[in-house]
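J.: Under the working numbering, think of the first position of the sequence shown as 47, with each following residue one higher.
Derived from the structure by calculation, the hints contain no laboratory data. Just so you know, these numbers come straight off a predicted model, no measurement behind them. Misleading hints may appear alongside valid ones.
Estimated spans, in silico, between C-beta atoms of each pair [to be verified]: (1) H125 <-> R86: 18 to 28 Å; (2) P67 <-> A112: 31 to 41 Å; (3) R79 <-> G158: 21 to 31 Å; (4) D72 <-> Q121: 26 to 36 Å; (5) E106 <-> C131: 16 to 26 Å; (6) P108 <-> P67: 32 to 42 Å; (7) P67 <-> E109: 26 to 36 Å; (8) R79 <-> R111: 39 to 49 Å.
Every residue, glycine too, gets a C-beta built ideally from N, C-alpha and C.
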Amino acid sequence: MTKDHTTMTTPTTNTTPRSTPRMTPDEVRDAIRAAFRNLRGRGYFCRMNFTCCSTCAWYEVPEGRAGKVVFYHRQDAQHLAEDGCCMLGWSGDGQEICEALREAGLKVEWNGSSDTRIQVASH
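Start from the sequences and build out the full structure, keeping to the hints where you can.
T.: Below, the structure written as structure tokens:
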């Protein structure tokens, strides 16, 4: 006697991401602010629209705080206002920073290297 083996299929959920409405530059800024608030709670020195450029920003980081830093400077703020994208200078745990940014609703692009800045944008 043989048993009839039938294959049961389970319906799958469409895993294709839905199109998320693009955030305005102000909404991106608010989301960065929320992520920075979260990161401050984890010991990061965070600043928005901080000094004129990366060189000056790193110079202005308080002594003893350079190990955990996230910021964007005025040049980055101009790009944010124009196209909703922003590059972040940082030190510390890049994965932790990216996680906080994603939790705030931002799209994050980073190659995993400590030598590159993290890009954030609206979806």
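J.: Next step is simple, just say for each hint if it's right about the structure.
T.: Hints, one by one, checked against the model:
At roughly 23 Å, the beta carbons of H125 and R86 sit within the given window of 18 to 28 Å. Distance hint check: the CB atoms of P67 and A112 are about 37 Å apart, consistent with the given range 31 to 41 Å. The supplied range of 21 to 31 Å is met by R79 and G158, whose beta-carbon atoms lie about 25 Å from each other. Checking the proposed 26 to 36 Å range against D72 and Q121 shows it is violated: the Cβ atoms sit about 19 Å from each other.
Taking 16 to 26 Å as the suggested C-beta distance range, the pair E106 and C131 conforms, at roughly 23 Å. Restraint check, P108 to P67: a C-beta distance of roughly 38 Å satisfies the suggested window 32 to 42 Å. At roughly 43 Å, the beta-carbon separation of P67 and E109 lies outside the given 26 to 36 Å, and the hint is violated. Checked against the given bound of 39 to 49 Å, the beta carbons of R79 and R111, roughly 19 Å apart, lie outside it.
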